[in-house]
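Those sequence lines, one after another, are chains A and B.
My numbering puts the first residue of the first sequence at 1, with every later residue one more than the last.
My numbering puts the first residue of the second sequence at 84, with every later residue one more than the last.
Think of the hints as simulated: they come from the structure by calculation, not from any bench.
From a predicted model like this one, the values you see are computed outputs, not experimental measurements.
Just to be clear, a hint being listed does not mean it is correct.
Within a straight-line C-alpha distance of at most 30 Å, the following computed DSS-like cross-link-like pairs (lysine-lysine) qualify [unchecked claim]:
#, chain 1, residue 1, chain 2, residue 2
1, B, K87, A, K42
2, B, K149, A, K66
3, A, K4, A, K66
4, B, K125, A, K42
5, A, K42, A, K4
6, B, K149, A, K42
7, B, K125, A, K4
8, B, K125, A, K66
There are 2 protein chains.
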Amino acid sequence: MTLKAVIHVRLRSGILDPQGRAIYQSLQALGFSGVEDVRVGKCFEIMLHADNLHAAEAQVQAMCDKLLANPVIEEYRYELGMP
Amino acid sequence: MTLKAVIHVRLRSGILDPQGRAIYQSLQALGFSGVEDVRVGKCFEIMLHADNLHAAEAQVQAMCDKLLANPVIEEYRYELGMP
């Protein structure tokens with residue numbers, strides 16, 4: 001079966017986010033004075049073939065741990081479903 | 084009121100995604116042969132102060148159009164809610 005995994009990776013809370021800070025400052029400069037904080041993360045949309053949902057979940061967790069996220073500073077969550 | 088906006092920005096379908104391609108190749112090299120396609124996007128978590136939900140929504144759309152997304156090649160969606 002082919003499944004679609006949507007993986008969200010973001011910095012753990014407390015970790016400095018310089019990209020978010022830069023966007024915050026740009027938004028302020030553009031006049032969005034109501035903005036109080038910006039954090040930036042990544043999303044991965046992965047189409048994958050697996051025998052079943054359980055196998056797909058194990059694959060997605062392994063991908064995150066090995067390549068997509070740095071567990072020291074980042075946390076991830078994912079949704080698995082039909083494409 | 085303070086609201087949290089979660090904005091997802093991704094390349095429009097049909098637009099070449101070299102970052103996704105690189106991750107696809109890395110995943111293949113790591114042995115994840117079930118992976119068929121990878122697309123990469125960005126997520127922004129923005130805390131913002133607004134008078135009401137309607138005003139917040141207008142702000143978020145303006146931020147996306149002016150800074151966060153390039154409408155020529157990217158599309159965005161967002162969720163607005165309590166922090």
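Hint check results:
In summary, the hint linking K87 (chain B) to K42 (chain A) is supported, as the alpha carbons are separated by about 17 Å, within the 30 Å threshold. About 35 Å separates the Cα atoms of K149 (chain B) and K66 (chain A), which puts this hinted pair outside 30 Å; it is violated. Restraint check: the Cα-Cα separation between K4 (chain A) and K66 (chain A) comes to about 19 Å, which is no more than 30 Å; the hinted pair holds. For the hint pairing K125 (chain B) with K42 (chain A), the CA-to-CA distance comes to about 5 Å; that is within 30 Å, so the pair holds.
For the suggested pair K42 (chain A) and K4 (chain A), the alpha carbons sit about 16 Å apart, so the restraint of at most 30 Å is met. Among the hinted pairs, K149 (chain B) with K42 (chain A) is consistent with the structure: their alpha-carbon atoms are about 20 Å apart, no more than 30 Å. The straight-line distance between the Cα atoms of K125 (chain B) and K4 (chain A) is roughly 17 Å, inside the 30 Å bound, and the hint therefore holds. For the suggested pair K125 (chain B) and K66 (chain A), the alpha carbons sit about 20 Å apart, so the restraint of at most 30 Å is met.
Of the numbered hints given earlier, the model fails hint 2 alone.
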